[in-house]
Amino acid sequence: MTDLALVKTANGLMGATAADQEAIQKYKSGSVIRGKFAKMRNPRFHGKFFAMLDLAWDYWEPRGGLIPRQEMRGIEGLAKFFEAQSGKPGQLSEAVAAYVAGLEQARAERFPAVDKSREAFREWVTIEAGHFHLVHTPDGIRKEAKSISWAEMDDIRFEAVYRDVFNACWRLVLSAHFETEQDAMSAADRMGDFA
Numbered sequence: 518m519t520d521l522a523l524v525k526t527a528n529g530l531m532g533a534t535a536a537d538q539e540a541i542q543k544y545k546s547g548s549v550i551r552g553k554f555a556k557m558r559n560p561r562f563h564g565k566f567f568a569m570l571d572l573a574w575d576y577w578e579p580r581g582g583l584i585p586r587q588e589m590r591g592i593e594g595l596a597k598f599f600e601a602q603s604g605k606p607g608q609l610s611e612a613v614a615a616y617v618a619g620l621e622q623a624r625a626e627r628f629p630a631v632d633k634s635r636e637a638f639r640e641w642v643t644i645e646a647g648h649f650h651l652v653h654t655p656d657g658i659r660k661e662a663k664s665i666s667w668a669e670m671d672d673i674r675f676e677a678v679y680r681d682v683f684n685a686c687w688r689l690v691l692s693a694h695f696e697t698e699q700d701a702m703s704a705a706d707r708m709g710d711f712a
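Numbering (this note's numbering), first residue to last: 518 to 712.
Simulated from the structure, these hints should not be mistaken for lab results. Treat the hints with care, since some could be wrong.
Claimed, not checked - Below, simulated EDC-like cross-link-like pairs (lysine to aspartate or glutamate); rule was C-alpha separation at most 16 angstroms, straight line:
id, residue 1, residue 2
1, Lys543, Glu636
2, Lys660, Glu640
3, Lys660, Glu588
4, Lys633, Glu588
5, Lys663, Glu636
6, Lys543, Asp575
As the list claims (entries may be wrong) - Simulated restraints, written as ranges between beta carbons of each label pair:
id, residue 1, residue 2, range
7, Glu600, Val524, 25 to 35 angstroms
8, Glu698, Phe554, 31 to 41 angstroms
9, Phe554, Gly607, 57 to 67 angstroms
10, Asp672, Phe628, 33 to 43 angstroms
11, Arg627, Ile673, 22 to 32 angstroms
Where is the CB? At the ideal position from N, CA and C, for every residue including glycine.
Construct the complete structure from the given sequences, taking the supplied hints into account.
Written out as structure tokens, the structure is:
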């Protein structure tokens, strides 16, 4: 089920953000769409949040191959543990590099094309911002992004989420492209037409 924010206009309901509009475009004309609706407390802030995410999305370039950062941390952490036990720092760096290269090659053969996903990016940034809960899966425990549904969140709670997600976007993506956080916020404002 898709969670959409809509704006009532003279022409009917329109997506509140580019992502919402993109999701609406997937429905064919004449489709009947059912949903529960709630008036959002601050639709401009909602738009500003997604403009900031869209800005980070536009600047983000996937890197690191098919090995997630958490997995790399585990591999590197285990190597550092063994190096500390042996008293020889750096002795496993070549073995780790060879293992990672082999792992990437094997995964590239199994997964030849990996799409850049806006929704996966939003979830990743939300988790990196600290807004997640842990769930058990057949593969073990994993982090799952908490819902950012405006219908369930008041302005005060959402302001904290916005701040944390912006900080994650700044730290992980935007700081490499903008001089200051204010420059990034201004670019997001212009992108969302909030300037």
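Each hint, compared with the structure:
Between Lys543 and Glu636 the CA atoms are separated by roughly 15 angstroms; this keeps the pair inside 16 angstroms, and the hint holds. Straight-line distance between C-alpha atoms of Lys660 and Glu640 comes to about 10 angstroms, which keeps the hinted pair within the 16 angstroms bound. The hinted pair formed by Lys660 and Glu588 meets the criterion: a straight-line CA distance of about 13 angstroms does not exceed 16 angstroms. The hinted pair formed by Lys633 and Glu588 fails the criterion: a straight-line CA distance of about 19 angstroms is larger than 16 angstroms.
Of the pairs offered as hints, the one joining Lys663 and Glu636 holds, with about 13 angstroms between alpha carbons and a cut-off of 16 angstroms not exceeded. For a cut-off of 16 angstroms, the pair hint linking Lys543 to Asp575 is broken: about 21 angstroms separates their Cα positions. At roughly 56 angstroms, the beta carbons of Glu600 and Val524 sit outside the given window of 25 to 35 angstroms. Judged by the Cβ atoms, the range 31 to 41 angstroms given for Glu698 and Phe554 holds: they are separated by roughly 34 angstroms.
Taken as a hint, the range 57 to 67 angstroms holds for the pair Phe554 and Gly607, whose Cβ atoms sit roughly 59 angstroms apart. For Asp672 paired with Phe628, a C-beta distance near 41 angstroms keeps the hint of 33 to 43 angstroms intact. In this structure the supplied range 22 to 32 angstroms is violated for Arg627 paired with Ile673, their Cβ-Cβ distance being about 46 angstroms.
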